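In case you want the letters, here they are:
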Amino acid sequence: MVHTQHVCTRKMESRSTPCTATCFCHLIEGCRVTIPYFILSTHCSQTAGGHQSWLEHQRRPLPPQAPSCGSSSLAQRCTDHTRAPGDCPGVFSAGLDLTEMCGRNPAHYAEYWKAVQELWLRLYLSNLVLIAAISGACPAGGCLISLTCDYRVLADNPKCLIGLNETLLGIIAPFWFRDTLVNTIGHRAAERALQLGLLFPPAEALQVGMVDQVVPEDQVQSTALSVMAQWMAIPDHARQLTKNMMRKPTVDRLLKQRDADIQNFVSFISRDSIQKSLQMYLEKLKQKKG
Amino acid sequence: MVHTQHVCTRKMESRSTPCTATCFCHLIEGCRVTIPYFILSTHCSQTAGGHQSWLEHQRRPLPPQAPSCGSSSLAQRCTDHTRAPGDCPGVFSAGLDLTEMCGRNPAHYAEYWKAVQELWLRLYLSNLVLIAAISGACPAGGCLISLTCDYRVLADNPKCLIGLNETLLGIIAPFWFRDTLVNTIGHRAAERALQLGLLFPPAEALQVGMVDQVVPEDQVQSTALSVMAQWMAIPDHARQLTKNMMRKPTVDRLLKQRDADIQNFVSFISRDSIQKSLQMYLEKLKQKKG
Amino acid sequence: MVHTQHVCTRKMESRSTPCTATCFCHLIEGCRVTIPYFILSTHCSQTAGGHQSWLEHQRRPLPPQAPSCGSSSLAQRCTDHTRAPGDCPGVFSAGLDLTEMCGRNPAHYAEYWKAVQELWLRLYLSNLVLIAAISGACPAGGCLISLTCDYRVLADNPKCLIGLNETLLGIIAPFWFRDTLVNTIGHRAAERALQLGLLFPPAEALQVGMVDQVVPEDQVQSTALSVMAQWMAIPDHARQLTKNMMRKPTVDRLLKQRDADIQNFVSFISRDSIQKSLQMYLEKLKQKKG
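Chains as they are written, first to last, in the working numbering: chain A, 1 to 290; chain B, 1 to 290; chain C, 1 to 290.
Looking at chain A on its own, in the form it has when it is part of the complex (with noise of 0.2 Å):
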């Protein structure tokens, strides 16, 4: 038998800013050693300064473990920071902090994109099941997030943009976030949404390959939790072992350069230039906010 639980609805404490995420898992009963199966899901208003999201909790110490046994522990933690959910509806998840790529030193940047560089390795190669329920907006990291997920629902809502537009922001798309893509909508699909930084509506999500399903914004969770049976229904260590299959080798392509991809985000992002764009950037957010 299986239940559904909230196990994890998160503020963003930290830097005053009101985003909430909201994830279901859901247990299988006597099952001791994982989680099994695991819908993300974050309703969460963007604000300014608030490229804040999901990944903070990255920067906390990881306790001594193996990725593929991550998944629990990840939705372990994020049950430290339970709150209702659906108290921020908008966004699925505005990725990467950008206040933490901006007016620090390299030893905070290299420890910040460690900690992405882990959630990714951890989502992407998850045991679980992860089922991406998106209702609001999903740019860049939060893109990024929900591609690593087995299945992506996403809500017919034209404010529900969805893609990795970080050319837009001057900055770039590394490596491992280009071979998520290409693995999802292909080579040359990727080579367009990432050059242009595109943000798909729905419509067009859907036929990119980016999204599985586009349904109307109140059967998102109830398609996800159908989705989700299905995938439960298959052997479990079958399916796990298929996964495992199609995407160990682009796990394996950063894992043997973890360290040089680390010094190239530190060095590009230490660049005064980008430095400028990304100041002028938030200020913008500010003033909006404002």
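Just so you know, these hints were derived from the structure itself, not from any lab. The structure presented is a predicted model; accordingly, all values stated were derived computationally and were not measured. Check the hints yourself; a few may be wrong.
Here are the simulated DSBU-like cross-link-like pairs (lysine-lysine), alpha carbons at most 30 Å apart as the crow flies [what the hints assert, rightly or not]:
| hint | chain 1 | residue 1 | chain 2 | residue 2 |
| --- | --- | --- | --- | --- |
| 1 | C | Lys114 | B | Lys248 |
| 2 | A | Lys248 | C | Lys248 |
| 3 | A | Lys248 | C | Lys256 |
According to the in silico footprint, chain C covers these stretches of chain A (three or more CB under 8 Å from chain C) [stated by the list, open to error]:
| hint | stretch |
| --- | --- |
| 4 | 163 to 169 |
| 5 | 192 to 201 |
Using N, Cα and C, we set each Cβ at its ideal position, and we do this for glycine too.
For this one, chain A is given, so just place chains B and C on it according to the hints.
Relative to chain A, chains B and C alone:
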């Protein structure tokens, strides 16, 4: 000038299963070295213990020759077992013989898996034009065979399901099944199809790219023949070299780690849990028959 | 501010063929170092011996510079041969010059092939935005040129066929043609298209992803210009780095084995059987003209 011959319809005599496979070979008169055009089209009914197939022949000693010239001998060996076609309609190929994977010893499993590898290597890199005329169910190993062809024509019948449904049996499609599928329908669709063990009905099979054409059941053979005529119009040496260029990297991946792949299969299939679930599956099939 | 200039229309004077290529370059005022935006648009009629093209220019000595900064000089060299545009409608580019591959010596073939490689390397990894405005036939090497662009607009005219039809001439598209095509339309579609030497009419070209947009013939240029404006709105350094990230692995594959690829071409094209079939093809073209 070209004429058509039924060079191969065969009965699976071993294990007293009524499965028959029909192959149409198209000979160019005067061509001595190879039979360059080949349509795969099997008609066999699935029965209990009935995961026998096309592949059984591979368990016989193979003549010492390069895979690239193996296709004619493959066709040759098929002619050893001729019978009138069409006497066992309903299944294109039921795929691998589960009885070969159940209750045997490791040496047996190793020998069987090597033969399965051999069949794939020969078909996937065959210099022949291979057209799959699929007028029956096409699961697992049967789907793999069809994916090695140059073109797939599927009957528009809801019983004609096609897909790599290994996970449903609790087993795993090996990496070269994965590669063959990814080459055909892309990474994302393969990831979903393999994890869920999807068997696509005709319309979905066409949409996802698992087959190239869906036609009424009585036009499968004639369509396959006219498709073949199109492929035959291409200068043969250029077509063969181009096919080789497209497929060789995928084949090389297996050749580099053939023994490791065998060991991997043997240790997986020898697990108590896997043996148990295969036995239960075979029991179920027998009861269906009985 | 941006303005448009015809910086390049050129006549293929050598071998007295009436082929003309038109290129539109878009300059950002004040930009000193590079011409960052570039539309490929050739208007030339195909004639006997007329597989001359755009590529001929490459046979001149190239200035000693990295491919990454070669584009401005490519544009520069184009300006050496200006002429009014549009005087030879009907062909985007007829591709490689078959007369360069026929009846010459190995050293000549090697030099020619190196130049073809060079053109591809420069175009495919160009920092410029390249938009192909295709209002004529676009076979073989012409198709390759269009595939190096960032976006392809095709005229909705049944004469505007596009594809890598090398096998039809009995020759083989090299592996980097294959890679470029696979990157654009995926592995399966490329496998079929390359083996059959398919030339796609507009609707099919759009469906398979060979081009990005099909528009009425008289809107090709204006559409290309407005697409370019979209690409120009992206911060240039981010776009360039992203483009490089997408394409560098493909380029590196050729760079690693450039000499082997030349030797491979020379030995293939020097075969008696290949020379014979090219000569017959050229004869046929001459008779058509005569």
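Earlier hints that do not hold, by number: Checked against the structure, no hint fails, so every one of them is satisfied.
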